[in-house]
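Enquirer: The chain contents come next:
2 protein chains.
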Amino acid sequence: MGTDHRRDDRACTGLPPPLPPGFRFRPTDQELLVHYLARKTADARFAPGAIRDVDLYKAEPWDLLPAAAAGRDDNDGEDGCRYFFCARRVKFPSGVRTNRATRAGYWKSTGKDKVVVAPHGHDEGGGPLGVKKTLVFYRGRAPRGEKTGWVMHEYRLVPGNASCSQTFARGDQVYKC
Amino acid sequence: MGTDHRRDDRACTGLPPPLPPGFRFRPTDQELLVHYLARKTADARFAPGAIRDVDLYKAEPWDLLPAAAAGRDDNDGEDGCRYFFCARRVKFPSGVRTNRATRAGYWKSTGKDKVVVAPHGHDEGGGPLGVKKTLVFYRGRAPRGEKTGWVMHEYRLVPGNASCSQTFARGDQVYKC
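Quick note, the sequences are listed as chains A and R, same order.
Numbering of the first sequence is given in UniProt numbering, commencing with residue 1 and proceeding in unit increments.
Numbering of the second sequence is given in UniProt numbering, commencing with residue 1 and proceeding in unit increments.
These aren't lab readings, by the way, just hints derived from the structure by calculation.
Just to be clear, a hint being listed does not mean it is correct.
Residues from chain R that keep clear of chain A, each with C-beta distances beyond 12 Å, as calculated [unchecked claim]:
#, residue
1, PRO21
2, ARG45
3, ILE51
4, ARG52
5, PRO66
6, ARG144
Partial pick of chain R residues on the chain A-facing surface, computed with a CB cut under 7 Å [claimed, not checked]:
#, residue
7, GLY22
8, PRO27
9, HIS35
10, ARG39
11, ASP43
12, TRP62
13, PHE84
14, LYS114
Positions of the beta carbon are idealized from the N, C-alpha and C atoms, including for glycine.
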């Protein structure tokens, strides 16, 4: 790992300089929901160094993760920030369907949503904290887009969750298979 | 993640208290060799919080990772320390074969060793830094042991590597599939 990359990584995570080599932001699903997304929904100004505010639908996945786009795998540690906060956009003013199209393509959900349960020891231990949805990026326009290796995990708080004061905020993890 | 587990985790990694949630020791192969194993071979007293000195052959894998043994997967973040420094033991005083037996079983190598190459930007960019070997734990005695889900990655510096002053030290990563 080059020195410049390390510096970028640090600036992007907002970490203090003395963090030893090899430490990375690798949160669990629960940590993302409890420590990050719940705080974001409570205060839109919450801006942790590890998660950037990005309108994911104004960006293409390869703009979000240039290292991955260049074919460097996760293991080289140079993939930088890959967690984002993004407000949910509805497709039509009256609708509940989410618009996940970008200029070059669209994100399409795949598989079943996974319910993320509070860990033991948490106030809501065993109860649902939120939902994790997996999406794949397709180039082109639906329904004839071409599937790519770009994957996103979208995290939403469960509306009934006491820590969720609003429902529009969302946390996203983008990576490339 | 319970408060007590977080405290244990922190004590074990030697991290300063203000580290934000979700940060973990997830080093690349290169970082392990360059920032940890090379320093350990240069100075046996080097004791980073993230990597413990353990004689892996006096311990069983489930003693090293009680959380994994209890069936909790990696995603709950409670697996604690899983990187170790361990001096290499030869099987016979005159030999070069490594003795990887424990009381309950033995570690057996599997697959081909992987050469870990220095990343671009490093002094030795592109050159071999070390070797990563994968081992699986078998219960019982060779050659009739019973294969388990315990896996170890063993890292060795390449003797020709300028950062390697001794060859006996080794870094190990233990986990359970």
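Enquirer: When the hints from earlier in the document are held up against this structure, which numbers fail?
Expert: Hints 1, 3, 10, 11, 12, 13, 14 contradicted; others consistent.
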